[in-house]
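A.B. asks: Sequence:
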Amino acid sequence: MTEYPTALGASSRESITLLGTDLARDVMGSVGFGELAFWLATQRRPTAGETRVFEAVLAALADHGFTPTAIVTRLTWLSAPDSVQGALAAGLLGGGSRFLGVTEDCGRFLHDVLASAEELPADDAGWDALARETVTASRAAGRFVPGLGHHVHKDGDPRTPRLFQIAAEEGLVGPHLALFAAIGRVHPQVLGRTLPLNGAGVCGAALADLGLPLELLRGFALLARTAGLIGQLAEEIRSPVANDVFLSVDLNNRSVAPDPYQPDPLPSTDNGGRHG
Numbered sequence: 180m181t182e183y184p185t186a187l188g189a190s191s192r193e194s195i196t197l198l199g200t201d202l203a204r205d206v207m208g209s210v211g212f213g214e215l216a217f218w219l220a221t222q223r224r225p226t227a228g229e230t231r232v233f234e235a236v237l238a239a240l241a242d243h244g245f246t247p248t249a250i251v252t253r254l255t256w257l258s259a260p261d262s263v264q265g266a267l268a269a270g271l272l273g274g275g276s277r278f279l280g281v282t283e284d285c286g287r288f289l290h291d292v293l294a295s296a297e298e299l300p301a302d303d304a305g306w307d308a309l310a311r312e313t314v315t316a317s318r319a320a321g322r323f324v325p326g327l328g329h330h331v332h333k334d335g336d337p338r339t340p341r342l343f344q345i346a347a348e349e350g351l352v353g354p355h356l357a358l359f360a361a362i363g364r365v366h367p368q369v370l371g372r373t374l375p376l377n378g379a380g381v382c383g384a385a386l387a388d389l390g391l392p393l394e395l396l397r398g399f400a401l402l403a404r405t406a407g408l409i410g411q412l413a414e415e416i417r418s419p420v421a422n423d424v425f426l427s428v429d430l431n432n433r434s435v436a437p438d439p440y441q442p443d444p445l446p447s448t449d450n451g452g453r454h455g
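So my numbering is basically just the index in the sequence shown, starting at one, shifted up by 179.
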């Protein structure tokens, strides 16, 4: 008989087991949802400190107001109020490189730098040197450093120092957070301007330091945002704005002449453009 091994949920006629424990007896009412989410992803139960940092990340990423993900969730509900799953899915599908994806991008970026280092720095001076080298290389390659800058919090993202503080209190400031902090200190010397370390970036650094799978960092951001989108729908039901958003666009459209698409020209050939 074919078997499909799993350490996650399994059911028998008498019980349900989850992660090697009895779900009803040992998990329900005893394990918080944030702790369980960490446990499911790593198959090891987090410490109290790890749970605190992880849940702080979830709180930091849950809701940011009328972002595109929130707006599309409300508009989808307006169009299909019978499909809660569709409205939530619409918002989650918008989590990408500009919204929510920075968490994963930053965690992966920092990890790649650390993995390529011959040895990890032992003090702030060493971290600053590695950060300076990292930012300089990114600038030379024409690439942005993930986690630098914010379109609203120009003078500093309030989530960033708070998450650093929580991680420090729990003794969980690891190499990813150390490098990210150093990037915050040295990047003005390289870029000639000061940018804030944003909340999504520090969340990615914290998740990486917790040893969570780098491939799933965006998944944790989406987990957090699911709670926020449920809140958006709950408010939309009580105080709807989606129809006003729709009408604002629909009643203010302006007809213009067509602007035909023109593909970029290809280089000419020696035979005058003839092929064959």
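Don't read these hints as lab results, they were simulated from the structure.
All values derive from a computational prediction rather than experimental measurement.
C-beta: ideal position from N, C-alpha, C; glycine also.
Among the hints, erroneous ones may be present.
Unchecked claim - Pairwise CB distance ranges, derived in the manner of DEER restraints:
no.: 1; residue 1: L395; residue 2: G335; range: 23 to 31 Å
no.: 2; residue 1: A296; residue 2: R372; range: 23 to 31 Å
no.: 3; residue 1: L202; residue 2: G244; range: 32 to 40 Å
no.: 4; residue 1: L445; residue 2: T373; range: 38 to 46 Å
no.: 5; residue 1: L395; residue 2: D303; range: 26 to 34 Å
A.B. asks: If you test the structure against every hint from before, which numbers come out violated?
C.D. replies: none
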